[in-house]
Amino acid sequence: MSRPTDLVQGTLDLLILKILALQPMHGWAIGERMTQMSKEVLQVGPGSLYPALHKLEQAGWIQAKWSVNEANRRVKFYSITRQGRKRLQLEAADWKRLSGAISSIVFEN
Amino acid sequence: MRFLRSWRSRVRWLFRRSEIEAELQDELHDYIERQTERHRSDGLSPEASSLAALREAGGIEQVKEECRDVRSRWLEDFGKDLRYTARSLRRSPGFLAVSVLSLALGIGANTAIFSLINALMLRSLPVKNPQSLVHITRVDSDGKPQSVSWPLFQYFRDNLKSISSAAAERSERPTIFIDGRDEVVSADFVSGDQYRMLGVEPAAGRLLEPADDKVATSPSAVISYGYWRRRFGLNPAAIGKTFTVQDHVNVFTIVGVTPPWYHGVVLGSDPDVSVPVATMLSEEKRNEPTYNNFNMMGRLAPGVTHQHANAELQVLWRAFKQRVAATLPEKDRPGYLQERAAMLSGRTGFNPLRDRYSEALLVLMGIVALVLLLACANLSGLLLARAAARQREISIRLAIGAGRGRLIRQFLTEGFVLAALGGSVGLLLARLFATTLVTTMANGEAVTLSIAPDWHVLTFTAALSLLACVVAGLAPGLHGLRTDLTLGIRQQRSAGNQRLGRALVIAQVSISMVLVTGAILFAATLLKLYSVDRGLNTEGVLTFSLRTSGKCPPERCRTAVQSLLDSLNRLPGVASASAVDVLPISGSLWDRDVQVEGYSFRSGEDQGTAFNAIAPKYFSTVQTPLLRGREFNLRDTRTSRKVTIVNQSFARYFFGAASPLGRTVTSVKVSYEIVGVVADAKYTNLKQPLMKTMYIPWTQRMEEEPTDFNFLTRATGAIQCALFQRSRGSSARPIPLCV
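Protein sequences appear in the order of chains B and Y. For the first sequence, my numbering gives the first residue as 378, with consecutive numbering after it. For the second sequence, my numbering gives the first residue as 75, with consecutive numbering after it.
Treat the hints with caution; some may be incorrect.
Said to hold, decoys possible - Below, simulated DSBU-like cross-link-like pairs (lysine-lysine); rule was C-alpha separation at most 35 Å, straight line:
hint	chain 1	residue 1	chain 2	residue 2
1	Y	Lys138	B	Lys473
2	B	Lys442	Y	Lys761
3	Y	Lys761	Y	Lys395
No lab work stands behind these hints, which were simulated from the structure alone. The model shown is predicted, which means the values in this text are computed figures rather than measured ones.
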């Protein structure tokens, strides 16, 4: 698995928040869903994912809960909080403005 | 809200650390398992898939460390470092003891001197706006303050526009007669404006006002809070009590109490009783412009600068000198006109201790700074040795990925712990040193100087401890990190390490040499002082002084003193007993101008001679050899021929090699015949050169009878105790006498 580019690293928070906004899930599933939704373009390893998850949890934008799944395994489920949703809106708007600006320069002809 | 929540999670993390670590472990384990399953479903073998999963994850420990790093860790790391430091220090108790001791000595000495400097030079009087207080005084050639006379005080007070108010003060230790008993108290004679100028409010009753200066009958007095508590137990009935002071005729009434934080204006003393100075002045003292006995303090008028006020002072002082010089005899005028006056800062009050000891204290400060430097070099050497011993540990830690910053933080924590320990012990030692120093400075007088550490001193100690440890620890710490890892693992000392170690040893030896040389010089001076020939033998001599309170009729006084001398001489075990007016080597001097038969003074020559009044057998009591003639005896009474004994310097100065016996000396219009010559003896103190001295019998003193007289007895060997009952006027005074 290749490590994501620096740009994606910066937007990892945004991606995680969005994925969790769609549905609460545990850490591995978040990585899988990210790969799937981006059509195999974005791949994130645990070295980046879990620190990001912990940072978001510390900031209060996501919360974690331990539960037992069907196979009697303990899994830690993450879900987005109300502040997290607000944050998501903020970061999404920022990303739109930023990416729009970059695109309009790069694809200027 | 978010801030609070993040703090909550931090705190939770701090307390439930092991639980959270376990959770992290589970989470990652779960991830690896799922990833392995994924590879399995892709078709790899079980071992290959788990290997692939682990490789992709990038190492579980690193991931965990990344997660941990996300949370703020300094608090937890600090706790870890402290525990680690405690463990490693416990393992080397020798190092701990030596380093804490060196630090404690260095820091303790510095803190002691600093707390003295703080008490004497930095702390202000606890009154309103002390920065605007000024000390108006004559000064000597070194700039040290002397005193002013009453006419001078009035002159400055009335004419200096730069000051808004002024007060004069004088301290004494008189005997007062209160509640039917005699008592020795410390007293302040103050002018009426003192309390108002300082902005002091009474704790009870009222304080002295300018109007009290003019009251002739039944004047008022004020007592201190401490005295009120000690003597009267805070009883409000104390206000209204009356007392008399020594042999003054006024009866004083206590009208109020000063607040508990007020200790007078002279640093180091605490007056029990304050009376208006105007009531204590005789006509002579009131009008004599050269009778300098008062300390004067003023408050600058608002908006006036110190320099401006000082300039005005100089102008007025010159005018005053001109006026007074015209009234002086011709020969005294040039000397008087040379006198200087100045306006000094009054922020710390009158400060005789500071004036005497400030230079010594600053020199001491320099010396103890050297001591601290020595202690730091010592500590640095110890830390270097310790770092060298831990080279292997440091190398391993560096190899497994500890950041250099992390290691430096741990060294600093060690330094911090040592600083805390050294500083605390140093603070205790400082208390001991400072108390000893104050006792030495007090020199037998009662000095109340609060050297309890206030926040100035504590800040100083803390800063010094930290600085010492940083300085001591930085060099070995940085040096230790710069090493080559392989060398470190093999525990070999690099060349740089050895160089630093040697440099530290050289530094310590040099500083020690400087300190030891200084100590030897000081000790030599002290030894010389002790071994100087005093001209009298104070070993085995007991002295005590007697005071009268209330007026003692001269005749009765004389018979009482005589009978006391007789009783003393009759005591078994007493070789001889005598009395003297000015006790030698006590810091006092009594001198007068004399005219000598057959000698004419050149102009400008000093006519002063030291004076003293003694009882018979004085010279045999202090063992000053009698060279010619005789001692005084009982036949030298008030009415017999006036006689005097002179010392060798006197005889040689005025008569050369010829015998002075039978010649006449005149002083204050009384002629004395010389009947004896004694060897020279030290008078004021051990450092003063020997002076011409003349002695007269105590019965032949012409002024009012002395109210304190110093008795001396030379006893032989065994411990003697004798109890005397004596009647003096209306009070009986038992005198226990023990050798």
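Tested hints:
A threshold of 35 Å between alpha carbons decides the hint, and for Y:Lys138 with B:Lys473 the separation of about 33 Å falls inside it, so the pair holds. With a C-alpha separation of about 88 Å, the suggested pair B:Lys442 and Y:Lys761 falls outside the 35 Å cut-off, and the hint is violated. Distance hint between Y:Lys761 and Y:Lys395 is fulfilled; the C-alpha atoms sit about 33 Å from each other, no more than 35 Å.
In terms of the numbered hints stated before, the structure departs from hint 2 and from no other.
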